[in-house]
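Going down the list, the protein sequences come from chains U and L.
Mapping the first sequence onto our numbering, position 85 (from 1) lands on 85, and the numbers just tick up by one.
For our numbering, count along the second sequence from 1 and bump the result up by 1000.
What the hints contain is simulated information worked out from the structure, not anything from laboratory work.
Just so it is clear, the structure is predicted and the values come from calculations on it, not from any experiment.
One or more hints might be untrue.
[Claimed, not checked] One side of the interface only, derived from the structure: several residues of chain U facing chain L at Cβ under 8 Å:
id : residue
1  : Leu13
2  : Thr15
3  : Phe17
4  : His19
5  : Ser27
6  : Phe29
7  : Cys40
8  : Thr43
9  : Pro69
Quick reminder that beta carbons are idealized off the backbone N, C-alpha and C, glycines included.
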Amino acid sequence: MQEAVTAYYQKLLKTGFEHIGKLENASIFLETFGEVSPVCGNTDDFLYLYIQVVNNIIFDIKYQCISDPITNVTIEILCTLVKGKTLDEAALIKEDAFSQFLGCKDELLREKAKFLLELLGRGIIRYKTQTA
Amino acid sequence: MDSRKSIEECRENFPSLKRQRKGKPPIYLDNACTTMVPRQVIEAIQEYYTEYPSCSGTRSRHWFAQEVSERIEGNSGKGIKGPRRIIAEFINAGSEKEIIFTMNTTHALNMVALGFPFQPGDVVLLTDKEHNSNLLPWLKLQKTGRIKVDFTVPNEQDDFDLDAFERKMKTDRVRLVSMAYTSNITGYTIPAKEITKIAHQYGALVLLDGAQTAPHQTIDVQNLDVDFLAFSLHKMCGPRGVGVLYGKKELLGQNPHEEDEADHVIAPVIQGGGTVANSTYHYYTLMLPPYRFEAGIQNYPAQIASGVAVQYLQQIGMDRIREHEGSLNHFLTEELINRYGDTGWFRIIGPQNASQRGGILTFEVKRPNALGIAAELSEKNNVMIRDGVFCVHPYFNEKFGQEWTRPISHSEHRMVYRVSCYFYNTMDECRIFLETLDEIFKERGYI
Chain U
1 MQEAVTAYYQ KLLKTGFEHI GKLENASIFL ETFGEVSPVC GNTDDFLYLY IQVVNNIIFD
61 IKYQCISDPI TNVTIEILCT LVKGKTLDEA ALIKEDAFSQ FLGCKDELLR EKAKFLLELL
121 GRGIIRYKTQ TA
Chain L
1001 MDSRKSIEEC RENFPSLKRQ RKGKPPIYLD NACTTMVPRQ VIEAIQEYYT EYPSCSGTRS
1061 RHWFAQEVSE RIEGNSGKGI KGPRRIIAEF INAGSEKEII FTMNTTHALN MVALGFPFQP
1121 GDVVLLTDKE HNSNLLPWLK LQKTGRIKVD FTVPNEQDDF DLDAFERKMK TDRVRLVSMA
1181 YTSNITGYTI PAKEITKIAH QYGALVLLDG AQTAPHQTID VQNLDVDFLA FSLHKMCGPR
1241 GVGVLYGKKE LLGQNPHEED EADHVIAPVI QGGGTVANST YHYYTLMLPP YRFEAGIQNY
1301 PAQIASGVAV QYLQQIGMDR IREHEGSLNH FLTEELINRY GDTGWFRIIG PQNASQRGGI
1361 LTFEVKRPNA LGIAAELSEK NNVMIRDGVF CVHPYFNEKF GQEWTRPISH SEHRMVYRVS
1421 CYFYNTMDEC RIFLETLDEI FKERGYI
C-alpha cells in the first residue's frame, strides 16, 4: 500500500469509518463476495452496499464489509464521492477521482475503484429500470 | 549433536525449500495442512513410474508385478522392508495385517463410520474440536437414525476433561469414541491412553484421528490399547493421496463371509477387485484383512513412498522432531505474547502454554478488516501460514456466533490464523514471520 492509502486507513481507524451501517429499505442494495475458496472454511471478504435515493439524488449511503484495508479505503471514498450527487453524476465518476481524493496514484486503489464503480453502475441501471 | 542428521542437513533434502521468489526463499509454516517432500520420497515415486509401473503381484505374476509387491509387502530374503511393515513398526501395531492403506485420513475415518455394525440408539462421542472429516460421517449416520452424536466438553483451560468424559460414558449408550488425537486448531493432544481405558470399561471402542499426531510424536497403539487409528502421509513428508487405517486384528474380521462376522467387526465399504477370494453370480467370499479393505488398483507409488517417508522421519527421530517443534513454538508464543498480549485484540487459541500445543500456534486477530494477513505474509516475504477455520466450522460458529463472518460493525471483525512448524523450520524463519507480521500490523494501524 502507498503511504497515502495507509495514512488514510489509519485515520479511519482512529476517527471511525464514517459510512459503516445498514439502511433499512434501501433504494439500491448491492452485494459482492470475495473469491477465496470456502474449502476448509477460509472465510471470504464481503461488501453490502446500501443506497437511499430521494428525488434521483443519493441521499444516503452505508456499507458493511470485511475486506483488506485498501478495499475499505476505496469503499469509504466511494461513499464520500457519491453522497449528495444525482444518479447520473454518480455514474460519471471515474477511477481518477479516487486518486485525486487521496492525492496519490496507486494502481491497486485504481483497480478496486474500477470494480466498485462498475458495481455501482450496475446498481444505478437496475434502479432506473425498476423505477422507470 | 548425535550422528543423526542436523536440521540444516535435513533442509538440503527438500527441493521446495530451495526455491526462491523475489530473491527470497519460502518460509513454510503451514505444515498442519501439508508438509514438504524430501528428495528420497520423490525418488521412490519416480522409481515406480520409471522402473516397474504395473499392478502388484496380488493380481499379476510377472516380473514388474513381483517388483511392486516386493516393495509394498517386502522381501526379507532381499532385505526389503515394505511400507506396511514399516508403518506397523512405526505405530507399534501387532501385525502388518492391521495396516490398511486408504486415500487419506478422511477416507479411513469414513471406512469405520460406514463399516461399523452400529445398532439403532448407539452413541458416537466426539470432542468439540473435530475436523469435518471426523464430524460429517457421524452426522450423516445420525441423519439416517443409526446413531446419535454427542460431544464432550473441555474444562476451563480448554484441556480434555476426563471427569466430564466419564460422566458421558456413564449416561450415554456410547458404542464408539471417535476423537482427534491432536487438535488441528490448538495442537493439544488428548490423553488417549486414559480415554481408551475409560471407554473400554464402559464397553465402547476408540477411534483416534491421528492426522496431527502421527507426524509429530511417537504413537504406540498397543500401549494406548486404541482400537482404530487413522492418519495421512501427506502431513508427514509423504506422498499425497495415501493414508492409513490401523485396526486391531479382531476388529477387521477373519471370516470370508462378512455376514458371519462378530458384531464388533467392521465390514468393507467399497468392494471389488482385490478384495475377494472368489465370487459366483450369487455370492462372494472376502480376502483376509487388510486386502478386503483395499478395493481396486491401489496407489502403488504412494504406498511405496510412504514407507520411505516414515523411515525418513525415524532417521531424524520422533522425539527430536517433537522437541524441535516445541522450541520453535515456545519462541513464537513468547514473542507474540510479549508484543501483542496486552492489546486486547490478539489472542492465542487453546492452551496458552506452548508445551501443550506441539508445533501449532493459532491466534485470533480482532481488528477492523482482520482478513488477508496470510496473503500479505506470503506476498511480502514468502511466509506461508493458514487462515480460516481449518475445517472445524462448528467450533468457531459456536465460539464467535453464527454471523461472525458477516458482522455489522467493524469492532466485530476478526480472523483466525494458524502457524504450524515442522522439523525443517528454523528460528530464523520464525523471526522473519514475526517481523513481517509486525510490519503488517503497523501498516494496518493495529499497533
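Now for the hints, and whether the structure bears them out:
no. : hint  : in the structure
1   : Leu13 : holds (4 Å)
2   : Thr15 : violated (11 Å)
3   : Phe17 : holds (6 Å)
4   : His19 : violated (11 Å)
5   : Ser27 : violated (20 Å)
6   : Phe29 : violated (14 Å)
7   : Cys40 : holds (4 Å)
8   : Thr43 : holds (5 Å)
9   : Pro69 : holds (5 Å)
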